[in-house]
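In case you want the letters, here they are:
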Amino acid sequence: MRHICLYFQVHQPFRLRIYRFFDIEESHDYYHELNNRVLMQRIARKCYLPMNTLLKKLITKHTPKRFSVAFSISGMALEQMQLYAPEVLESFQDLHATGGVELIGETYAHSLASLKSEAEFRRQVALHTETLKKLFSAQPTTFRNTELVFFDKLAQWVSDMGYTAILAEGTDTLLGWRSPNYLYTSTAAPKLRVLLRNYQFSDDIAFRFSNQAWPEWPLTADKFAVWLNQLPENEILVNLFMDYETFGEHQWPETGIFEFFEAWVDKMLQNRDVRYVTPQVVMADHEPVGEVEAPKPLSWADSERDLTAWLGNDMQQDAFESLYALEPLIQKLPIQKYPDLHRDWLRLQTSDHFYYMCTKFFSDGDVHKYFNPYDNPYEAYVTYMNVLSDFRQRVETALTKAE
Amino acid sequence: MKVLMLGWEFPPRIAGGLGVACYGLVKGLTHHGINVTFVMPLRSGQEPTNTYRLLGANEIDIPADYTRTTTFWKQVRFYGVETYLGPYLEQLERPTLTFHAAPEPVSETTSGTLRLFFSGKYGKDLLEEVYRYAYAVSFLAQKEEFDIIHAHDWLTYLGGIALKRLTGKPLVVHIHATEYDRSGENPNPIIRDIEAQGFAEADLIIAVSFYTRAIVVEKYGIPPEKVWAIHNAVLPKDRQPITRPRRRRKVVTFLGRVTYQKGPEYFVEAAARLAPKVPEAHFVVAGTGDKLRAIIQRVAELRLGSRFSFTGFLPPTEVENLFDLSDVYVMPSVSEPFGISALEALRAGVPVIVSKQSGVAEVLRYAPKVDFWDVDRLADLIYGVIKYPAITSFFRKFAQDELAQLQWEKSSNRVIEAYKTLHL
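Which chain is which? The protein sequence lines are Y and V, in order. Residue numbering for the first sequence is 40 to 442, as defined by the working numbering. Residue numbering for the second sequence is 102 to 525, as defined by the working numbering.
Just chain V, same shape as in the assembly:
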């Protein structure tokens, strides 16, 4: 079975859980003998090499007479409006964006074909890049052999739809996060439409949790039988956690984009309740996002600056360093389709507290869970984990057992089962 997989992130070029999950899934599928070609905007050249194939959209050759092939565009809906892509922006500013219709090729190969430019980042021209990506991958229809198209998140759905229409091959769309998770009840209409279109045209949808499956069904009106919930997993750690020196300081960690979706303000409010009672607690906010300044302001207002650290965005190796220093990992997400970083924390031996509004809560039966808005309860749980070592060791032991069950080989087996229902 050959799968043409469309994705936006792949390690080491990752911004969050999406790239980590794609990597795990590709490895798992390959393990079961599935032939995978993974197409991303551009390769960094530092990706781990393996039995799967990686391809950058910037390496896809477009025939010089490409203008004649633009019939594709007639089939995909077009947006020429100004919009703003808040949750994805790396900058704190919020510039607006204008989308122009025809992607301009930027380079010509020796054989006379053309190639498009990709930044691979979530910049302010993200939507343009999404369209360019769809356009570029549509040229794989004639060149590549595959049985299934598998597209990850809205960023690649248009490409998946184009390929399906051009080849008639079945389309699987994977949903790691919906626009409702990122933006609450005010979704960006363009992104929401692309998602809805992807769900409608897909032959099968894979959601990363039952939580997310419910959103797909309820918010997008998709028949439930079309949506599979297949949980993410975590790769075995490739490095031992360091032996923790006994420190008096207890580090309580928030890690993730500092955005509405991740609920950083609930973390701060819980910290405000704990700080006076637990002088040894130190709170870390690792990540960046459009709420960072407001969060720093709030911490200053609470006069808690000496109890907080803000690390900014951390690359994967530093995330591991942070876990080594952490005594408890808190994920107070307002809406978290899965939350793979909670598994990464557990893998590093850090006890986790997750919000009930997260997919990962479905697989971590023993981890303490809390409604994201219930900051008193959250403070209470953090207090318990810090103060009562017995709780920690209990959670740790059972969580490790659960973690052992969460293997990508298992998750990919479920994905293969799903593929098989497509009657190839």
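Extracted from the complex, chain Y is given alone in its bound form:
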């Protein structure tokens, strides 16, 4: 028996417009409406809609329950679907209705709140759950944190909130000599199951698929199936986690990514012992073989698997600290009375804003430049801080009025 667990991340940030000093206190319109709309519609056309169609085909074809997948769709992506591409939301709802999809919980804003504020983290997780209930009638029981950030305290909070499983990066730091191809639990929260990303195989698809400089290029369905089948027999679980935009956007349709995916799934499923399952099925079918411990936060990014892509330099840390300095103020303002402030509070927390300020251009820069609306990290920082200045003014004004 072999289980393949596919999980796809769907997320789009609300990108900021070039918000200048002169706009502070003059305009509270922070977002690049046109850019966000055009990008959402383009990604919908190139990725979300065709890939959803393909997944539905595979789910229906390989019954009963031999092919299912997991998604995490951030609140930011859901909002933008509703605003700019309602057909995409319908398409996801339709896909979910097949019964072959597990929806995973995350922070609504796709934020790094867990690193700064437990309270804000819990609020956003609750908000995301509420949204999934409303839009999909789903109750998530698996959790993934933004950029797969994982640490012991987080495991405790998540377990405490009723989640039974969490996704994390299968880093060497976490595993040591051990393989990611088993189920684990968290030392800090023994009831919580930990599914670890097999970064080798995941990145073969997500990053290397169309890289002609890669010795294994071109990656064919047969070759990839052989690799997976060559795993030792007792390694019964392979977790392939990646951005959903891999299909059709990061890897263009011309690379053959869609054909590859379909052929690979069909190929794997020719073997009656293979199933594509979701985290909750993994939970039910497997016993954990060991524990993982993460006193310090780990992520899935870059070669270091740490947080330096978001909080590595002074600009990022300054922006991050300035943002969360507002949390106690915001929380004094009731959401019903100040919906706009709460909306912006969430949108400004999205991790992408900090990613754009990253100065690690030389090693992982290629990935960082993708979808980055700014010419350089300085511009990203200056724009963000201008927006934050205006936002702070609004919060302070609202507070003065409220008091």
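None of these hints come from the bench; they were simulated from the model. One should not assume that every hint holds.
Unchecked claim - Covered by chain V, according to a simulated footprint, are these stretches of chain Y (three or more residues, beta-carbon under 8 Å):
1. 58-71
2. 356-362
3. 426-438
Claimed, not checked - List of simulated lysine to any residue pairs, SDA-like, C-alpha gap at most 25 Å:
4. Y:Lys155 / V:Arg404
5. V:Lys378 / Y:Glu64
6. Y:Lys155 / V:Glu402
7. Y:Lys85 / Y:Glu157
8. Y:Lys440 / V:Arg350
9. V:Lys378 / Y:Glu129
10. Y:Lys230 / Y:Pro334
11. V:Lys392 / Y:Tyr417
12. V:Lys351 / Y:Lys230
13. Y:Lys100 / Y:Asp133
14. V:Lys470 / V:Asp425
15. Y:Lys371 / V:Pro380
16. Y:Lys440 / V:Lys470
17. V:Lys392 / Y:Gly351
18. Y:Lys155 / V:Arg399
Glycine residues also receive a C-beta, built at the ideal position from the N, C-alpha and C atoms.
Starting from the known structure of chain Y, fit chain V onto it as the hints suggest.
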């Protein structure tokens, strides 16, 4: 009296105070009946029209047999070295530059004469453009009638020298900023040499302040009696400042090229001292330059990003908008020959704090002044202006009186006095 004036900037095509000062001076001279022809690299076509004449060097006809006239080049020193023109570069990068000897004409007119290309920018081929400009204006020797050649800053000195040698007419060189102001104790040797040559060959030198006059005398060894200090002035405002809405936020503004000369780092360090004590203070850095990234880094390091705004380069109308939003204007220049933007800020009703190492400090007796390096004192003064409205209104009132005295008509009168000593 006819003046052939050589300059690099004229509104609206300006990068800083140089163009503003040239405009004011030309208007002032014209007001007194002086006939001025102003030659710049190229005209944008949007310059304010008036009684003076504007000419682009790209419009100067060069005879087709120009190679025979290149005897000019034998008289002007030549540089074929690689150099870098940091303070002038618009880009943050610092490319090197190779100067080639003979300027190539780029277009031919219907009458068979040739013309040269000019970008009018401070690009990486600035030095080449400086030579092309000198070459082109030398052809005005036969064509134009004038009594005096008046050249502004090193960019046009070679042209002025060429014209003087070809016509024997007196040369006045105007110094708005020396290479020592821009680069401190490590001047670009090529620019410094051009300046020194201009000062040596000039019949008279006009410095924009006593501060600058002292630099010309001390650093270039020029006899003091040859150097006049004539302060810049400010044109009356052509627009009313908007009525400021009462804001809680207090805006402290730095405006200028973000370079060594302008002292942006002292502004940031003063802000670091003020920020914790004055939560309503917001700091604006308007301008760009080779120090911008380092300044942004420093602000982030100090965790002051939420208290700062960086606007990049601002065109004149946006400068006025910025003044409308500003509560205090700070000019912490390390070495500022004049600092016309301080007068512009005052004209817009913004209190100013200027460094003692600036020419404008000589004319603003009532404005608070500080040594550029004394960031504690600077923070202290900014605090006073923000916190104590009485100080602001005091400064404002007296500064406005002083400002009223600083008219281009007066400054140009002094320039005319200087011209008259040339015994035309």
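Here is how each hint holds up against the structure:
{"no.": "1", "hint": "58-71", "result": "holds (count 5)"}
{"no.": "2", "hint": "356-362", "result": "holds (count 5)"}
{"no.": "3", "hint": "426-438", "result": "holds (count 5)"}
{"no.": "4", "hint": "Y:Lys155 / V:Arg404", "result": "16 Å, holds"}
{"no.": "5", "hint": "V:Lys378 / Y:Glu64", "result": "22 Å, holds"}
{"no.": "6", "hint": "Y:Lys155 / V:Glu402", "result": "19 Å, holds"}
{"no.": "7", "hint": "Y:Lys85 / Y:Glu157", "result": "37 Å, violated"}
{"no.": "8", "hint": "Y:Lys440 / V:Arg350", "result": "17 Å, holds"}
{"no.": "9", "hint": "V:Lys378 / Y:Glu129", "result": "53 Å, violated"}
{"no.": "10", "hint": "Y:Lys230 / Y:Pro334", "result": "18 Å, holds"}
{"no.": "11", "hint": "V:Lys392 / Y:Tyr417", "result": "13 Å, holds"}
{"no.": "12", "hint": "V:Lys351 / Y:Lys230", "result": "54 Å, violated"}
{"no.": "13", "hint": "Y:Lys100 / Y:Asp133", "result": "16 Å, holds"}
{"no.": "14", "hint": "V:Lys470 / V:Asp425", "result": "22 Å, holds"}
{"no.": "15", "hint": "Y:Lys371 / V:Pro380", "result": "20 Å, holds"}
{"no.": "16", "hint": "Y:Lys440 / V:Lys470", "result": "40 Å, violated"}
{"no.": "17", "hint": "V:Lys392 / Y:Gly351", "result": "22 Å, holds"}
{"no.": "18", "hint": "Y:Lys155 / V:Arg399", "result": "23 Å, holds"}
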